[in-house]
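Protein chains: 2
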Amino acid sequence: MTASSELDDSFHVFDTTLRDGAQREGISLTVADKLAIARHLDDYGVGFIEGGWPGANPRDTEFFARARTEIDFRHARLVAFGSTRRAGAKAAEDPQVKALLDSGAEVICLVAKSHDRHVELALRTTLDENLEMIRDTVSHLREQGRRVFLDCEHFFDGYRANPEYAKAVVRTAAEAGADVVILCDTNGGMLPAQIGAVVATVLADTGARLGIHAQDDTGCAVANTLAAVDAGATHVQCTANGYGERVGNANLFPVVAALELKYGKKVLPEGRLRETTRISHAIAEVVNLTPSTHQPYVGVSAFAHKAGLHASAIKVDPDLYQHTDPALVGNTMRMLVSDMAGRASIELKGKELGVDLGGDRELVGRVVERVKERELKGYTYEAADASFELLLRAEVAGSRLTYFSVESWRAIVEDRPDGTHANEATVKLWAKGERIVATAEGNGPVNALDRALRVALERIYPQLAKLELVDYKVRILEGVHGTQSTTRVLINTSDGSGEWSTVGVAENVIAASWQALEDAYTYGLLRAGVEPAE
Amino acid sequence: MTASSELDDSFHVFDTTLRDGAQREGISLTVADKLAIARHLDDYGVGFIEGGWPGANPRDTEFFARARTEIDFRHARLVAFGSTRRAGAKAAEDPQVKALLDSGAEVICLVAKSHDRHVELALRTTLDENLEMIRDTVSHLREQGRRVFLDCEHFFDGYRANPEYAKAVVRTAAEAGADVVILCDTNGGMLPAQIGAVVATVLADTGARLGIHAQDDTGCAVANTLAAVDAGATHVQCTANGYGERVGNANLFPVVAALELKYGKKVLPEGRLRETTRISHAIAEVVNLTPSTHQPYVGVSAFAHKAGLHASAIKVDPDLYQHTDPALVGNTMRMLVSDMAGRASIELKGKELGVDLGGDRELVGRVVERVKERELKGYTYEAADASFELLLRAEVAGSRLTYFSVESWRAIVEDRPDGTHANEATVKLWAKGERIVATAEGNGPVNALDRALRVALERIYPQLAKLELVDYKVRILEGVHGTQSTTRVLINTSDGSGEWSTVGVAENVIAASWQALEDAYTYGLLRAGVEPAE
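In order, the protein sequence lines correspond to chains A and B. In terms of full-length UniProt numbering, the first sequence opens at residue 1 and continues consecutively. In terms of full-length UniProt numbering, the second sequence opens at residue 1 and continues consecutively.
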């Protein structure tokens with residue numbers, strides 16, 4: 001469980017995804033999940049991984065036991081979280097403290113009360129006994145050869161209520177041997193200017209090494225963390241993707257990116273910053289939450305440009321329109337195609353898709369016109385790359401790419417007296433000169449159509465077997481005439497190695513879904529390198 | 001289009017959801033959507049609503065024309081966004097500038113370049129001509145009696161590259177009559193300390209009234225906005241829920257909440273802050289994005305506590321564990337171990353609907369259980385009052401209110417070789433002892449079902465003739481298994497004098513729509529005072 005890293009100890013990136021992050025509503029981590037996340041965090045290069053509270057629940061105890069043998073940490077040190085000893089007891093005899101030692105973690109992060117009212121109301125002990133609990137527990141763990149950090153819970157609210165007591169907690173911990181004393185904005189109500197002022201004063205008055213732990217209840221956790229660093233804190237506690245209780249914690253990725261890219265401070269091992277996007281998405285997968293599309297630095301939208309106005313200048317100098325090079329954090333610039341788009345963005349998009357428009361002004365103009373005309377009908381191409389590529393290729397080739405031509409289809413939904421539903425679809429089409437009629441059932445009309453289309457085509461195009469519909473979105477446009485509105489459907493399809501989006505628009509949801517399905521299959525065959533047949 | 005508000009002009013809350021917010025990937029607003037959002041923002045009490053760029057696209061032109069006659073603004077002033085005139089032309093002759101005047105907006109927010117390299121590369125003109133474009137356009141609009149704000153695009157990057165030129169832009173705009181000059185962090189790469197320093201310097205050096213427009217690319221847009229206010233800015237540009245290009249813009253709600261609750265500054269009319277959560281969710285519904293559960297102040301998780309350790313202390317003093325009283329922003333504290341729909345809220349809701357639950361603890365408990373059980377399946381009663389009332393009455397009466405009982409239904413969608421679609425539905429039901437079979441066609445399967453249901457029932461219940469479906473929304477829940485996900489349909493129905501919402505959830509969109517339709521008709525008959533028949 002030792003780690004080596006080229007970074008010295010002067011600045012700590014401390015991750016608490018596995019402990020505080022797991023408090024997020026909707027997250028429930030198994031031991032295997034925790035091990036997977038710990039590997040990702042170590043791979044990313046954080047200095048410390050807080051793994052949980054051994055002894056407090058069997059899952060965390062098991063995690064520490066397994067992490068010790070199953071993970072060969074390259075960068076990170078594993079940290080056990082726990083509490084100061086009970087009031088009136090001895091740290092050396094406290095079973096909770098013993099469980100921390102038993103975890104084998106070489107670093108222990110203790111939480112202590114630093115707000116006088118919390119000591120009295122929640123801990124139900126005296127202010128002096130709280131200080132004694134801190135002194136005793138820190139000293140005991142130090143005597144057992146462990147490195148100790150101390151989290152001051154509710155520090156900033158406590159400092160407002162009783163600054164002298166809050167500072168006494170910091171001094172006591174530091175004097176007893178805590179390496180870092182972390183000031184926690186546990187309720188998350190602070191703003192950067194307040195954080196900066198308090199950290200600066202406490203640093204000047206106590207001389208202790210300080211850390212910061214910010215919750216995001218004001219939407220300022222990243223800024224609060226940086227304000228503390230500006231004021232002299234040298235240890236930041238964050239969670240991957242900002243997971244955490246209530247609104248969440250300071251998000252590890254924008255904090256690290258700001259320190260590396262804006263402050264020019266090396267806080268990760270060489271070359272790891274480029275893994276930011278990948279690690280963020282991988283951890284989202286493990287906790288089973290969709291990665292936020294709009295997360296700073298790592299979201300798929302984080303470097304996506306829409307406005308046609310800018311596209312021509314982006315061609316000249318992309319750095320005029322992005323605050324940092326997305327490649328530095330493993331992300332990429334994307335041009336979105338929409339009715340706001342002009343010629344330049346179509347050309348850029350063509351390049352991105354590998355379709356050379358060769359500066360053909362007339363062709364580009366035709367594509368722009370076609371996009372505008374279709375978007376007026378309700379299509380949207382910024383969220384449907386594959387449909388856009390098919391449109392683009394149709395204009396380049398002079399006709400639509402065709403693997404099959406549909407004669408007709410039909411979907412039937414029937415409610416039976418017993419309350420169940422029968423969904424049946426029939427598809428009639430031509431492929432490679434052959435007329436095929438296929439019928440299938442599904443759990444809904446679109447699913448039935450999807451299955452009927454597969455049944456019809458899979459013999460001729462076995463590549464379709466790999467295709468899976470992974471997301472399906474419906475939007476009613478101009479929802480003022482009830483069911484007579486236009487319907488837009490977006491479908492995401494995967495072939496196991498990649499994902500693409502297609503769009504359909506029609507006066508009803510089934511017809512719109514059908515269009516999106518047709519594009520999805522056509523694009524899947526194109527991706528698979530199949531030659532168009534018709 | 002005049003507005004009155006008890007707030008003076010000394011501080012501006014300026015919302016740009018309809019212009020900059022609409023740049024978010026995945027958002028595509030119809031004119032009806034824009035009008036609905038403008039009403040919500042005015043209801044919330046922002047001072048200015050930037051509605052779009054009249055003249056740049058037909059949708060925005062139509063929005064201004066309709067907003068002028070269709071919305072009776074109580075608090076907000078409508079703002080038209082546009083650009084300075086073209087290089088080498090005259091503002092008085094520039095069609096784009098004319099379109100701004102034609103929009104009828106009394107306030108115009110002009111965007112201008114303030115970064116020297118952008119002037120040269122994107123605008124392709126000289127630095128002097130850019131200043132002249134600003135002077136000429138601002139003066140012209142002022143002469144036409146409009147109030148003018150000026151957005152300095154890429155101000156902070158520009159200031160870093162050429163501070164003298166950036167300041168010259170501010171001075172030129174102010175001297176020409178712009179009331180507020182807004183410093184924009186267009187690429188969103190700034191951090192609060194940088195923003196604060198630049199705003200303070202520019203304010204001291206130019207004396208102009210300054211505003212701030214922050215993008216969220218570093219995750220600091222809220223903090224950047226507040227840093228500018230700390231440094232003397234008196235105008236903040238934000239978007240609802242932080243919608244905007246790339247990562248997004250400064251989120252209106254935490255900015256307003258911080259100013260009101262942390263700064264003690266009144267920036268909304270009296271009593272409006274309590275509407276924050278409702279307005280945030282309502283706007284998310286209009287743009288058809290799921291409200292973020294973890295958004296500061298307004299997310300359903302924002303004041304949610306994992307009970308355990310803190311439960312007893314929270315009972316003694318909840319303020320120890322929350323940074324502000326959630327009721328102030330219209331949110332509520334939730335203990336995650338307890339019911340989401342508590343007994344108290346069910347009783348209140350019953351009272352609101354005129355259903356006396358008479359303090360019947362057992363009955364209220366049954367309703368809570370039923371709501372929990374249905375919401376687990378995907379129903380949502382927050383947005384479906386009529387379905388909730390039917391559920392409540394069913395529990396009170398011991399059985400569901402019934403005007404007709406459905407034996408079965410069937411919907412067929414057929415795509416014909418000519419590309420048109422046939423949509424046909426058949427309904428078999430019993431009403432007042434009579435078995436009725438009816439078939440109808442429609443422009444989609446739900447519309448066909450709606451018509452068949454009317455054909456079947458209108459002879460027996462002529463009251464149904466007045467009913468009209470006025471809105472229809474589909475949401476796919478848990479969209480990870482493609483078309484196999486659960487579908488939720490919300491339908492709004494009107495009888496000319498009022499409107500009500502019903503919900504249906506099923507494995508497919510047609511079956512879910514049917515449920516919502518059945519509730520819609522049942523509720524319509526209840527409203528019309530018709531006695532239940534079965």
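Treat the hints as calculated values from the structure; they're not laboratory data. Mixed in with the good hints there might be a few duds.
The list cannot tell twin chains apart, which means a pair is met if one copy fits it or any two copies do.
[Said to hold, decoys possible] Within a straight-line C-alpha distance of at most 27 Å, the following computed DSS-like cross-link-like pairs (lysine-lysine) qualify:
id : residue 1 : residue 2
1  : Lys473    : Lys377
2  : Lys473    : Lys372
3  : Lys428    : Lys90
4  : Lys167    : Lys351
5  : Lys351    : Lys377
6  : Lys466    : Lys266
7  : Lys372    : Lys90
The model shown is predicted, which means the values in this text are computed figures rather than measured ones.
Here's how the hints hold up against the structure:
| no. | hint | result |
| --- | --- | --- |
| 1 | Lys473 / Lys377 | both (17 Å within a copy, 18 Å between copies) |
| 2 | Lys473 / Lys372 | both (22 Å within a copy, 25 Å between copies) |
| 3 | Lys428 / Lys90 | neither (70 Å within a copy, 62 Å between copies) |
| 4 | Lys167 / Lys351 | neither (59 Å within a copy, 38 Å between copies) |
| 5 | Lys351 / Lys377 | within (26 Å within a copy, 45 Å between copies) |
| 6 | Lys466 / Lys266 | neither (44 Å within a copy, 59 Å between copies) |
| 7 | Lys372 / Lys90 | neither (64 Å within a copy, 30 Å between copies) |
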